[in-house]
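Q: One-letter residues, chain by chain:
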Amino acid sequence: MGIGKVWVYAETDGDKVKTITLEMLAKAREIGDTVEAIYGGDASGIAETLGKHGATKVYATGDIGDGLPGAHVGAAIADLINGGNSPDLILFGTTYDGRDISARLSVKLDKPVLTNNTEITVDGDSVVASTPVFGGTQMVRTKLTAGAPNIVLVRPKSFAAEESGGGAAAVEALAVPDVGAAGAAKITAKHVEEATGPKLDEAAVVVSGGRGLGEASKYEMVETLAKLLKGAPGASRAIVDAGWVPYSHQVGQTGKVVKPNVYIALGISGATQHMVGMKGSKNIIAVNKDAEAPIFSISDLGIIGDVHKVVPKLIEALQAKS
Amino acid sequence: MNIAVCVKQIPDPAEPGALNADHTLKRDGKLILDESDSYGVEMALQLVDKAGGGEVTLISMAPNSETSGLRTALAMGAAKAVLVSDDALKGAGALDTAKVLAAAIKRTEFDLVLAATESSDGYTGTVPEQVAAVLDLPSVTFAKHIEIDGTTAKVQRQTEAGYDEVECPLPCVVSVTAGVVEPRYPSFKGIMAAKSKPVDEVKVADLGIDASIVGWAGAGQEIVAVDKAEERQAGTIIEDDGEGFQKIVEALENLKVI
Chain A
1062 MGIGKVWVYA
1072 ETDGDKVKTI
1082 TLEMLAKARE
1092 IGDTVEAIYG
1102 GDASGIAETL
1112 GKHGATKVYA
1122 TGDIGDGLPG
1132 AHVGAAIADL
1142 INGGNSPDLI
1152 LFGTTYDGRD
1162 ISARLSVKLD
1172 KPVLTNNTEI
1182 TVDGDSVVAS
1192 TPVFGGTQMV
1202 RTKLTAGAPN
1212 IVLVRPKSFA
1222 AEESGGGAAA
1232 VEALAVPDVG
1242 AAGAAKITAK
1252 HVEEATGPKL
1262 DEAAVVVSGG
1272 RGLGEASKYE
1282 MVETLAKLLK
1292 GAPGASRAIV
1302 DAGWVPYSHQ
1312 VGQTGKVVKP
1322 NVYIALGISG
1332 ATQHMVGMKG
1342 SKNIIAVNKD
1352 AEAPIFSISD
1362 LGIIGDVHKV
1372 VPKLIEALQA
1382 KS
Chain B
358 MNIAVCVKQI
368 PDPAEPGALN
378 ADHTLKRDGK
388 LILDESDSYG
398 VEMALQLVDK
408 AGGGEVTLIS
418 MAPNSETSGL
428 RTALAMGAAK
438 AVLVSDDALK
448 GAGALDTAKV
458 LAAAIKRTEF
468 DLVLAATESS
478 DGYTGTVPEQ
488 VAAVLDLPSV
498 TFAKHIEIDG
508 TTAKVQRQTE
518 AGYDEVECPL
528 PCVVSVTAGV
538 VEPRYPSFKG
548 IMAAKSKPVD
558 EVKVADLGID
568 ASIVGWAGAG
578 QEIVAVDKAE
588 ERQAGTIIED
598 DGEGFQKIVE
608 ALENLKVI
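In the order they appear, the protein sequences are chains A and B.
Just so we're aligned, residue 1062 is where the first sequence starts under the working numbering, counting upward by one.
Just so we're aligned, residue 358 is where the second sequence starts under the working numbering, counting upward by one.
Don't read these hints as lab results, they were simulated from the structure.
By construction, the Cβ of each residue, glycine as well, lies at the ideal position given by its N, Cα and C atoms.
Some clues are possibly wrong.
[To be verified] Listed next, with one range per pair, are the computed distances between beta-carbon atoms:
1. A:A1265 <-> B:A591: 37 to 47 angstroms
2. B:R541 <-> A:G1228: 58 to 68 angstroms
3. B:R541 <-> A:K1077: 41 to 51 angstroms
4. A:S1225 <-> B:D598: 51 to 61 angstroms
5. B:T593 <-> A:T1182: 31 to 41 angstroms
[Claimed, not checked] Some chain A residues flagged as far from chain B (calculated, every beta-carbon gap over 10 angstroms):
6. I1064
7. E1091
8. N1146
9. A1231
10. E1233
11. A1234
12. L1235
13. G1258
14. T1285
15. K1320
16. K1340
Okay, chain A solo, but in the shape it has when bound:
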């Protein structure tokens, strides 16, 4: 059982289409008859990739200048829909832009928006989206009853990206209306933080540190170990909130979702908010001095011990091997 038309909001990282977009295109093909993309930018460079993953058309705003996408792209999509071209379902990634644009759109259309979903099914002509709660131990299934277009946001890594072998998507211009005061925020400068090594959400190995490290300076152990394993360093919310490491390092419900081959949790007790972001890892190794720490209930290998004793020895052993 499927629905008619599904739109996927496409995002890019540099000149590449983000994986979350390709994942959503694969799901859109599974549940919809027609799959099209929306893009807040110039789509000429990505139409081929979008087409290869099943989008027959991409509505693109062209360059939106120095404005933030939320108000501008949200209004553009609302106008397209109010003009009579409405899909049954619009998918966004649970990303910075996905949240802002869908939020503006939901108010313009007066439709609810469901975020953080990891599964989408179709029941008759209704869309049902599933969200993990309580650290991913339970799934809440919510049926949208307000009628099309349904707005659903998807967590990265919920579906597998798959090519469909289609030709380049046809690019169609998406007009951005004047949004007045609502669009008054302007970007005046962009800062790119120099990152070495693989990205947190793409790394095959992730080493994360938590409150059990004791103090900010000990996070260096996490970075050293991550580097030795060609992985990325991550963090629990507790130490991000404490200001030890930037938010971009955060793994969990409010941070990034990671599914590496190996996840190493150092001094992380395993608050539900953390576990929901990493329990999909293939292998989980944890070091924590509290034998009752919830992280051990999902660990393939757990060492009940002091991170300050175990980790330096581990680093030394790995250095000796390399």
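Please build the complex by placing chain B on the supplied structure of chain A, with the hints as guidance.
A: Here is chain B on its own, set in the frame of chain A:
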């Protein structure tokens, strides 16, 4: 400089959460100030302080006239609060929550609205931007630093790659990420003073909102099931005897990571 700060009072995340028969989160026990919101409150207090005048007003929506979380933020230094508490709001989604908060914000004088990027319990992460849309105001989400320069907010906005500098005319809505300022601990004097600070408690009807567009009646969604997710089993858990690191080395070798 008057700032409205949206704050949520939530069940203590340290306690195991539970669901009601209608699948909504149980909120009838004691509620606390969402830690995510303490950063917005702190930032607002600092900005008002820097501006040399004005006050911070809390905006909250909670069942059972709950104020314990609000008292925490009032003890930090907020001047007053608007609390929307109404049985009609049971089952509210992000959109109707935003409509209610926006209407409550309009009851107060403000130059700036602050909110956390997302709550710790519902974590939809869309409410601040929806509030801005309902108020037809500009917005900047995921702020890690805010400065007020005359009638402009200068914001550092977190991005995937680093951060953007964004300028936005007031009034506007800004959502702040956690950990960007150090929330102050309420002093004893603050706690005592908080007890007598005004909390303007209102119903949905007082906000001029029709009860049929909020809560379960207006959410446009229906929870059809709550299922147990597939469980992960624990593997080998051992006590470190000084050689525990060897087990990790072996595991990494078996997994061909090294």
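Q: Against this structure, judge whether each hint is valid.
A: Right, here's what the structure says about each hint:
Between A1265 of chain A and A591 of chain B the beta carbons are some 23 angstroms apart, a value that contradicts the proposed interval 37 to 47 angstroms. Remark: the range hint 58 to 68 angstroms for R541 of chain B to G1228 of chain A is upheld by a beta-carbon distance near 59 angstroms. Here the CB-CB span from R541 of chain B to K1077 of chain A is close to 44 angstroms, well matched to the stated 41 to 51 angstroms. The beta-carbon spacing between S1225 of chain A and D598 of chain B, approximately 54 angstroms, falls within the hinted interval of 51 to 61 angstroms.
In this structure the supplied range 31 to 41 angstroms holds for T593 of chain B paired with T1182 of chain A, their Cβ-Cβ distance being about 37 angstroms. Look at I1064 of chain A: its CB is around 17 angstroms from the nearest CB on chain B, clear of 10 angstroms, so calling it non-interface holds up. No beta-carbon of chain B is positioned within 10 angstroms of the beta-carbon of E1091 of chain A; the least distance is around 20 angstroms. No beta-carbon of chain B is positioned within 10 angstroms of the beta-carbon of N1146 of chain A; the least distance is around 21 angstroms.
Chain B leaves A1231 of chain A outside its interface by the beta-carbon criterion, the shortest separation being 28 angstroms against a cut-off of 10 angstroms. At roughly 25 angstroms, the least C-beta separation between E1233 of chain A and chain B is larger than 10 angstroms, which holds for a residue marked as non-interface. Remark: the non-interface label on A1234 of chain A is consistent with the geometry, its nearest Cβ contact in chain B lying 24 angstroms away (cut-off 10 angstroms). L1235 of chain A, annotated as away from the interface, keeps every beta carbon of chain B farther than 10 angstroms; the closest lies near 19 angstroms.
Once the 10 angstroms rule is applied to beta carbons, G1258 of chain A is consistent with being away from chain B; the minimum gap is 14 angstroms. Residue-level check passed: T1285 of chain A sits 14 angstroms from the nearest beta carbon of chain B, beyond 10 angstroms. Consistency note on K1320 of chain A: stated as away from chain B, and its beta-carbon is indeed over 10 angstroms from all of that chain's, at 13 angstroms minimum. Distance check on K1340 of chain A: its Cβ comes as close as 6 angstroms (rounded) to a Cβ of chain B, failing to clear the 10 angstroms threshold; non-interface status is violated.
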